[in-house]
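Engineer: Sequences are here, hints too, so could you generate the full structure?
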Amino acid sequence: MQTFLEFEKPIAELEGKIEELRHLTDAGDLNIADEVGKLQAKVEKLLQTTYAKLTPAQKVQVARHPNRPHALNYISALVTDFTPLAGDRAFAEDGAIIGGLGRFRGRSVVVIGQEKGHDTETRVKHNFGMAKPEGYRKAQRLMDLAARFHLPVVTLVDTAGAYPGVGAEERGQAEAIARSIERCLRLPVPIVSVVIGEGGSGGAIAVAAADRVLMLEHAVYSVISPEGCASILWRDPQMAQDAAVALRMTAQDLKQLGVIDQIVSEPMGGAHRSPADTMTAVADRVQAALDDLRALDPAELKARRRQKFLDMGAHGLGA
Amino acid sequence: MNWLTNFVRPKIRALYTRKDVPDNLWHKCPSCEAMIFHRDLEEHLHVCQHCGHHMRLDPPRRLAMLFDDGAYQTIELPKVLVDPLKFRDTKRYTDRLKEAQSKTGRADAIMVAHGSMGGLPVVVAAFDFGFMGGSMGMAVGEGLVAAAKLAVLQEAPLIVVPASGGARMQEGILSLMQMPRTVIAVEQVKEAGLPYVVILTDPTTGGVTASFAMLGDVHIAEPGAQIGFAGQRVIEGTVRETLPEGFQRSEYLFDHGMVDMVVHRKALRTTLVRILDLLRRPLPTAEIVRLPHRGEADGPVAAVPAAEGSETRAGAGAPER
Ligand SMILES: [Zn+2]
Chain A
1 MQTFLEFEKP
11 IAELEGKIEE
21 LRHLTDAGDL
31 NIADEVGKLQ
41 AKVEKLLQTT
51 YAKLTPAQKV
61 QVARHPNRPH
71 ALNYISALVT
81 DFTPLAGDRA
91 FAEDGAIIGG
101 LGRFRGRSVV
111 VIGQEKGHDT
121 ETRVKHNFGM
131 AKPEGYRKAQ
141 RLMDLAARFH
151 LPVVTLVDTA
161 GAYPGVGAEE
171 RGQAEAIARS
181 IERCLRLPVP
191 IVSVVIGEGG
201 SGGAIAVAAA
211 DRVLMLEHAV
221 YSVISPEGCA
231 SILWRDPQMA
241 QDAAVALRMT
251 AQDLKQLGVI
261 DQIVSEPMGG
271 AHRSPADTMT
281 AVADRVQAAL
291 DDLRALDPAE
301 LKARRRQKFL
311 DMGAHGLGA
Chain B
1 MNWLTNFVRP
11 KIRALYTRKD
21 VPDNLWHKCP
31 SCEAMIFHRD
41 LEEHLHVCQH
51 CGHHMRLDPP
61 RRLAMLFDDG
71 AYQTIELPKV
81 LVDPLKFRDT
91 KRYTDRLKEA
101 QSKTGRADAI
111 MVAHGSMGGL
121 PVVVAAFDFG
131 FMGGSMGMAV
141 GEGLVAAAKL
151 AVLQEAPLIV
161 VPASGGARMQ
171 EGILSLMQMP
181 RTVIAVEQVK
191 EAGLPYVVIL
201 TDPTTGGVTA
211 SFAMLGDVHI
221 AEPGAQIGFA
231 GQRVIEGTVR
241 ETLPEGFQRS
251 EYLFDHGMVD
261 MVVHRKALRT
271 TLVRILDLLR
281 RPLPTAEIVR
291 LPHRGEADGP
301 VAAVPAAEGS
311 ETRAGAGAPE
321 R
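Those protein sequences? They're chains A and B, same order as listed. Quick note: the numbering used here has the first sequence finishing at residue 319, numbered continuously throughout. Quick note: the numbering used here has the second sequence finishing at residue 321, numbered continuously throughout.
Keep in mind that a hint or two might mislead.
What the hints assert, rightly or not - Restricting the straight-line Cα-Cα distance to at most 30 Å, the calculated cross-link-like pairs of lysine-lysine (DSSO-like) are:
| # | chain 1 | residue 1 | chain 2 | residue 2 |
| --- | --- | --- | --- | --- |
| 1 | B | K190 | B | K79 |
| 2 | B | K98 | B | K79 |
| 3 | A | K17 | B | K190 |
| 4 | B | K79 | A | K255 |
| 5 | B | K91 | A | K255 |
| 6 | A | K308 | B | K79 |
| 7 | B | K103 | A | K302 |
| 8 | A | K302 | B | K190 |
| 9 | B | K103 | A | K308 |
| 10 | B | K79 | B | K103 |
| 11 | B | K103 | A | K255 |
| 12 | A | K255 | B | K98 |
As the list claims (entries may be wrong) - Just some of the chain B residues that point at chain A, by a computed CB distance under 10 Å:
| # | residue |
| --- | --- |
| 13 | K91 |
| 14 | G141 |
| 15 | I173 |
| 16 | S175 |
| 17 | P180 |
| 18 | Q188 |
| 19 | A230 |
| 20 | H256 |
By construction, these hints were calculated from the structure, which means they are not laboratory data. Where is the CB? At the ideal position from N, CA and C, for every residue including glycine.
Structural biologist: Given below as structure tokens:
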């Protein structure tokens with residue numbers, strides 16, 4: 001079932017009309033086919049104009065769209081021989097972070113992806129993509145594995161944030177995130193991260209301190225959710241739209257700030273309209289990044305990664 | 001970077017001098033509400049003598065408390081881009097900054113100083129909770145990067161004293177990026193073979209805890225400090241879990257293996273001096289200090305420098321390391 005966002009309503013209406021007309025075309029009425037064609041052109045135009053100027057708050061909705069391809073979609077579409085590896089060897093397995101070995105376009109890689117789930121059952125299974133310490137510790141373990149066998153690491157970022165619960169605190173959520181960042185930065189092998197949906201604060205950077213950080217065109221990445229920011233700074237969660245603007249959380253802003261390296265364009269109407277094309281586009285860019293990084297020896301790789309982060313913040317949004 | 005040249009001839013900006021005329025003669029303990037005379041407060045290092053509550057310390061007091069003879073030199077914080085996002089909520093971020101600056105007399109929420117501790121050179125970075133909740137933006141991150149560089153340059157241990165609500169939201173993603181940046185900073189200290197010690201004080205939360213603050217060689221927490229990742233209201237509100245007794249307090253973190261020790265403020269300096277001494281002067285030093293038990297493998301070695309007496313050794317002309 002297709003889910004339409006609030007601002008997509010005019011598009012949904014047009015597409016509804018097309019559906020209705022299609023039911024009538026059984027008779028092979030040429031006029032109706034004509035009409036459908038016209039409406040379809042209208043839909044495309046509307047999609048194009050709407051998506052060309054999404055507001056930050058709208059992008060937040062798109063980034064969280066339930067039909068948007070999630071980490072597991074990417075893995076099943078792009079990784080062959082995927083072999084999930086589970087558990088942090090200390091406390092538990094964490095379904096919010098999927099990880100394992102697999103072959104991406106011919107080469108062995110370690111994949112680490114944050115998975116939100118797509119219906120009630122899978123959302124619960126993956127804890128809505130909000131990892132606990134064991135998830136970050138599993139990520140660390142997998143990065144160690146990658147280092148040991150000289151395999152590049154690909155991470156897929158899509159989380160509202162690290163899980164805020166008593167158990168998570170008890171088991172050292174902060175330490176787990178800190179160590180995970182540290183592990184990313186210590187890696188002697190290439191690490192490429194893609195923000196595919198929501199890059200939620202510490203929970204995201206934990207697996208995204210990478211050589212190359214790619215971001216989908218309508219993905220968002222922020223220090224805090226606009227809702228959280230609004231309730232703290234405006235003391236009013238209703239101000240989330242303003243917060244989304246102020247936080248500068250879009251791919252376009254982040255590119256300008258030098259925080260991400262590349263924006264991956266989404267098909268017209270967003271990733272949720274054409275998941276397959278989106279995933280192929282991401283795969284092409286990831287492959288290019290990996291090809292690029294392959295020539296660097298471990299010391300050089302690490303030094304450049306560090307320098308990239310140390311240089312961050314030198315310039316703001318436009319001079 | 002320009003500020004590096006300052007290290008060769010560090011500007012002596014301020015040797016700490018005790019404020020002679022306090023604004024208020026009496027302070028109310030935020031925990032037990034007892035009224036405490038200002039002189040008692042200073043004398044007890046801002047720990048309530050009635051209930052033991054450790055009050056928040058501003059960086060000058062914190063630094064004075066840690067360094068030998070309370071003497072230290074601060075370094076100028078590197079300049080960073082001010083208000084990179086042109087952020088505005090109900091107020092302009094630049095106005096909030098100016099307010100905090102005039103209130104604290106500091107450029108941002110961190111102070112970096114160097115001096116000696118137990119005769120050893122050390123670099124200390126202390127947070128100022130009074131400056132926008134000690135939040136970490138670019139200035140704080142850059143301060144920590146500078147502190148780490150200074151430590152490496154001086155071959156000195158790095159001690160960081162966080163007191164922070166977390167990332168500074170007004171700097172958006174750039175505040176989040178201070179997490180990897182500060183992790184890199186402390187990594188450089190570790191790679192240089194130098195000790196990195198964290199003193200967790202009230203409060204240490206959010207992105208600060210989830211980066212450099214949890215990566216120390218040794219974690220010391222002050223009693224009763226709130227230390228954690230997620231805010232308590234978030235946990236109660238979003239996940240609807242009831243918080244256990246003492247949740248996210250130092251003692252709770254100790255019980256859960258996240259800190260090495262919970263140390264009363266009056267013992268903090270001696271503990272630090274002892275740890276640094278053990279790490280930085282690993283060989284027997286009987287020839288320097290005439291202490292009979294020193295150097296005997298089964299002797300109470302650890303107990304020897306446990307008191308302020310260790311300064312005598314430095315004063316007696318101990319070599320730099
Ligand atoms: Zn009290």
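Engineer: Quick one, are K103 of chain B and K308 of chain A close enough, alpha carbons at most 30 Å?
Structural biologist: violated, 35 Å
Engineer: Have a go at the S175 of chain B hint: is there a Cβ in chain A nearer than 10 Å to its own Cβ?
Structural biologist: With Cβ-Cβ at 5 Å, under 10 Å, it holds.
Engineer: So, as I understand it, the hint says Q188 of chain B touches chain A; can you test that by seeing if any CB pair is closer than 10 Å?
Structural biologist: holds, 9 Å
Engineer: Does K79 of chain B sit within 30 Å of K308 of chain A, going by the straight-line distance between their CA atoms?
Structural biologist: holds, 19 Å
Engineer: Does K190 of chain B pair with K79 of chain B here, judged by a C-alpha cut-off of 30 Å?
Structural biologist: holds, 25 Å
Engineer: Sort out whether K103 of chain B lies within 30 Å of K79 of chain B, counting only the CA atoms.
Structural biologist: Roughly 20 Å between the alpha carbons, so the hint for K79 of chain B and K103 of chain B holds.
Engineer: Between K91 of chain B and K255 of chain A, is the straight-line Cα distance small enough, at 30 Å or below?
Structural biologist: holds, 26 Å
Engineer: When the nearest CB of chain A is found for I173 of chain B, is that gap smaller than 10 Å?
Structural biologist: holds, 5 Å
Engineer: Given the hint that K302 of chain A pairs with K190 of chain B, test it: the Cα-Cα distance must not exceed 30 Å.
Structural biologist: Within the cut-off at roughly 15 Å; holds.
Engineer: Does K103 of chain B pair with K255 of chain A here, judged by a C-alpha cut-off of 30 Å?
Structural biologist: Violated: K103 of chain B and K255 of chain A sit about 35 Å apart, past 30 Å.
Engineer: Tell me if A230 of chain B is really an interface residue toward chain A, meaning its C-beta lies closer than 10 Å to one of theirs.
Structural biologist: holds, 3 Å
Engineer: Minimum Cβ distance from P180 of chain B to chain A below 10 Å?
Structural biologist: holds, 4 Å
Figure legend: structure checked against the earlier numbered hints; hints not met, in rising order: 3, 7, 9, 11.
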